[in-house]
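Visitor: Sequence:
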Amino acid sequence: MVVGLFVVAAEIRIGIDVGASSVVAVGALADGSCTPLAVDGGAVTPSGVFVNPGGELVPGVAGLERALRLPALYVEAPLRRLGDGVLVVGERRVEAVDLVAAVLRPVCEAATARWGRPGEVSVVTPAGWGPARRLLLRQAAHRAGLAGAELVEAPVAIARRVAGADPRGFGVGRWIVVVDVGAGCEVSVVRRNTAGFEVVATMAADAGGDRIDAVLAARLLPVLNEPAVEDGYRRRLVAAVRSGKEQLGTDAAVKVVLPGASPPLVVPDWVVREVSEPVFAEIAALVRSVIEVAQVPAETGGGVWLAGGGALLARVEVLLGEATGLVVRTVANPVLAAACGGASPFPTATATATAAVSTASAPVVDAVPRKQPVDAAEGGAVVAASATEQVGEGSGEQGASVDVAVRVFRRLVLDPVVWTGPPVARSLACLVPFVGALALWWHASATGYVEGTVDVGDHRYMVINWGELAMACALMTLSLISLSAVFTAAARTSRGETAPEQAVDTPTRFGGTVAASAVCAVLIAACGAVLNFLVFGIELTNFLVWSIGPTLPFAIGALLAAGLISTRRLHPPAGGWHPRLAPPTYSIIAATAGMLLMQYSHTLFAPGEDATRMAVRLGGGILLGAATALIVPASPLTRAMLAIPALAFGTVAAVKPSLLACVWIGTATAWWARRVWSISRLPTTTPAQP
1 MVVGLFVVAA EIRIGIDVGA SSVVAVGALA DGSCTPLAVD GGAVTPSGVF VNPGGELVPG
61 VAGLERALRL PALYVEAPLR RLGDGVLVVG ERRVEAVDLV AAVLRPVCEA ATARWGRPGE
121 VSVVTPAGWG PARRLLLRQA AHRAGLAGAE LVEAPVAIAR RVAGADPRGF GVGRWIVVVD
181 VGAGCEVSVV RRNTAGFEVV ATMAADAGGD RIDAVLAARL LPVLNEPAVE DGYRRRLVAA
241 VRSGKEQLGT DAAVKVVLPG ASPPLVVPDW VVREVSEPVF AEIAALVRSV IEVAQVPAET
301 GGGVWLAGGG ALLARVEVLL GEATGLVVRT VANPVLAAAC GGASPFPTAT ATATAAVSTA
361 SAPVVDAVPR KQPVDAAEGG AVVAASATEQ VGEGSGEQGA SVDVAVRVFR RLVLDPVVWT
421 GPPVARSLAC LVPFVGALAL WWHASATGYV EGTVDVGDHR YMVINWGELA MACALMTLSL
481 ISLSAVFTAA ARTSRGETAP EQAVDTPTRF GGTVAASAVC AVLIAACGAV LNFLVFGIEL
541 TNFLVWSIGP TLPFAIGALL AAGLISTRRL HPPAGGWHPR LAPPTYSIIA ATAGMLLMQY
601 SHTLFAPGED ATRMAVRLGG GILLGAATAL IVPASPLTRA MLAIPALAFG TVAAVKPSLL
661 ACVWIGTATA WWARRVWSIS RLPTTTPAQP
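In terms of the numbering used here, the sequence shown is numbered consecutively and its last residue is 690.
One or more of the hints may lead you astray.
Okay, derived cross-link-like pairs now, SDA-like style, lysine to any residue, Cα gap no bigger than 20 Å in a straight line [unchecked claim]: (1) LYS656 x ALA593; (2) LYS656 x ALA611; (3) LYS656 x ALA626; (4) LYS656 x VAL463; (5) LYS656 x ILE679; (6) LYS656 x MET614; (7) LYS656 x VAL545; (8) LYS656 x ARG613; (9) LYS656 x CYS520; (10) LYS656 x ARG315; (11) LYS656 x TRP466; (12) LYS656 x GLY666; (13) LYS656 x PRO645; (14) LYS656 x VAL616; (15) LYS656 x ARG568; (16) LYS656 x TYR449; (17) LYS656 x VAL318; (18) LYS656 x ARG681; (19) LYS656 x THR585; (20) LYS656 x ALA582; (21) LYS656 x SER680; (22) LYS656 x TYR461; (23) LYS656 x GLY325; (24) LYS656 x SER678; (25) LYS656 x ALA323; (26) LYS656 x ARG580; (27) LYS656 x ALA446; (28) LYS656 x ASN542.
I should point out that these hints are in silico values taken from the structure, not numbers from a laboratory.
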């Protein structure tokens, strides 16, 4: 997570990039050139704050040095705690806004000493930040002496830098993937239009420098002489590892000066590469997922652009390129990219229009994948969310209240949900069980009738294929659950226009949609049972049992899967959530056809057509037996071995369609339980909190 702050002072624009672990600042001229601003004696300074017992807030290097002795009084990443209100640090209660202001104040003082008092201010926020947290950041900037903040998203700031370096490759109508690897990782698809830049989709995960530093430090502990049990020692060790890791981007090996009595260690680059490869594999999955969510055409893509301190690691471009099949490049000065991009002047409308004309006939540069098109994970996964917000010339907010009002109006009235459209093949696959459910339910209801008399008491009873009715309800449940996976991935919500306390991340939204579809399936089954009761007038209990009963195993499994995805923040598997929740299409087609044939043989043939009736009935039983073998949760070889007894059983039990229906539903329940179990085994992803 990165927040950048940009100050306009005379002809110098000051950019301040506040990350979870460090702060950098630059001064930019009108031509776009940037000069690092030294804060605390260096270009990079820690972003944490030490809270003295007396209440004094000590940021920067001095605060980190005191934290080595009293780590309990150190707030490591105040930006991540901005929405927490009042924090208890030691015995003091401190406002999170004051902590962030303490981080910004030294930068403001350094900029004032070098270029004069700051003028207009622009604040760069993560793409997922809503108006409530942006308002808090404005308050912190105001307390630090930087009033009147304008808001710009971090991916947009980096995209400006890319557009300046490659105006033809990133012209109007084209898009890029911005991978900002700092303490965490934020991956965004940014599209350029005539008004500026639009964040089409964004996802975040705990897959950045902090995780690499922690794993690398843990790997070095066994070779050290220190017991390494104190938090202060661990903090110094992680700081030493971070410093050495950054040098490994250019050197084959580096000497890491360890704290305590331990001698310096020489760490080769392959050690860092071995530790960081799993992290960048997760980032590659995020890239595939966010492209899938964005639903952008491959032919207008401008590749993947890396920014942040993690972009300095050796072989990062190669690792991501091999994992995604896309062209991966690193922006110039990746550590300063967000600060320089936000501080650089934005192109005017005339310049943008000229770029549109010049790039309209330009050849596509690095637009398409080098390998196969990205088969990305579904959006609902892991981690993340979507945002649509245009940033252009004159897009700065004039006040917090206006900003909140405009964004809430757009969120609730103009654009509550943007549908990019689900993939056609997946939607059709989900409609197969839905169509089968309608056909079976209609056929069962149309061929059912009431038998008996009411002359002496009520001796009426229903003559209906209860198994056909049960299969219809089971198929309808599977269809709704799988459709929820497809349409949740296709719907992208404007998270940047929603307050953080109202916004939901991708796992929560996806899990909630799956749970809602399961509940809806049960309610629809109950409504169908009541409708049949109103038509026939008897046996409400049987209608409810045969309608709701088959839906419950699938609905309960969907609720369990939704709870696991939401609470454990499960990372989407390769290919997305849809393959885990997709219905078994071939088995459903065979089962539906078999049940319709068997019921057809029982109801629509004249008494003299026994041979034809038996042939149709046996054909239906064979189809339903084959459908049962196809859905067995086992390997293809095992299913092939079970096919013969399943076909034999279907032939023998063809006279009992309800029995065959129960066997198929039971086998489908086992298949569904295995799918839910496979979901529970997926790795978790904790998004980097802004």
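Visitor: Next, verify each hint and record whether it holds.
Guide: Do the hints match the structure? See the list:
Between LYS656 and ALA593, the direct Cα distance comes to roughly 16 Å. Compliance with the 20 Å bound is thereby established for this hinted pair. A C-alpha spacing of about 18 Å is found between LYS656 and ALA611, which places the hinted pair at or below 20 Å, so the restraint holds. Under the criterion of a C-alpha separation no larger than 20 Å, the hint pairing LYS656 with ALA626 is consistent with the structure, at around 16 Å. Between LYS656 and VAL463, the direct Cα distance comes to roughly 13 Å. Compliance with the 20 Å bound is thereby established for this hinted pair.
Between the alpha carbons of LYS656 and ILE679 the distance comes to roughly 35 Å, so the proposed pair goes past 20 Å and is violated. Taken as a hint, the LYS656 and MET614 pair is honoured in the structure, with Cα atoms around 13 Å apart against an allowance of 20 Å. Note on LYS656 and VAL545: the hinted pairing holds, with a Cα-Cα distance of about 19 Å set against a maximum of 20 Å. Only pairs whose Cα atoms come within 20 Å are accepted, and LYS656 paired with ARG613 is accepted, the gap being roughly 14 Å.
Among the hinted pairs, LYS656 with CYS520 is inconsistent with the structure: their alpha-carbon atoms are about 30 Å apart, more than 20 Å. Under the criterion of a C-alpha separation no larger than 20 Å, the hint pairing LYS656 with ARG315 is inconsistent with the structure, at around 64 Å. Only pairs whose Cα atoms come within 20 Å are accepted, and LYS656 paired with TRP466 is accepted, the gap being roughly 11 Å. For the hint pairing LYS656 with GLY666, the CA-to-CA distance comes to about 16 Å; that is within 20 Å, so the pair holds.
Pair hint LYS656 plus PRO645 holds up; C-alpha atoms about 17 Å apart against a cutoff of 20 Å. The suggested pairing of LYS656 with VAL616 holds, with an alpha-carbon distance near 14 Å, which does not exceed 20 Å. Taking the CA atoms of LYS656 and ARG568, the gap is near 44 Å; set against the 20 Å cutoff, the hint is violated. Among the hinted pairs, LYS656 with TYR449 is consistent with the structure: their alpha-carbon atoms are about 18 Å apart, no more than 20 Å.
At most 20 Å may separate the alpha-carbon atoms for a hinted pair to count; LYS656 and VAL318 exceed this at roughly 61 Å. A hinted pair counts as satisfied when its Cα atoms are at most 20 Å apart, and LYS656 with ARG681 does not qualify at roughly 39 Å. For the given pair, LYS656 sits about 24 Å from THR585 by alpha-carbon distance, which is inconsistent with the 20 Å threshold. Taking the CA atoms of LYS656 and ALA582, the gap is near 29 Å; set against the 20 Å cutoff, the hint is violated.
Proximity of LYS656 to SER680 is assessed by CA-CA distance (about 37 Å); at most 20 Å being required, the pair is judged violated. Distance check on the hinted pair: LYS656 and TYR461 sit about 18 Å apart at the alpha-carbon level, within 20 Å; holds. About 53 Å separates the Cα atoms of LYS656 and GLY325, which puts this hinted pair outside 20 Å; it is violated. For the suggested pair LYS656 and SER678, the alpha carbons sit about 34 Å apart, so the restraint of at most 20 Å is broken.
This hinted pair does not check out: LYS656 and ALA323 have alpha carbons roughly 53 Å apart, beyond 20 Å. Our distance criterion of 20 Å between C-alpha atoms is broken by LYS656 and ARG580, whose separation comes to about 32 Å. Between LYS656 and ALA446 the alpha-carbon distance is near 19 Å, which keeps this suggested pair within the 20 Å criterion. The straight-line distance between the Cα atoms of LYS656 and ASN542 is roughly 18 Å, inside the 20 Å bound, and the hint therefore holds.
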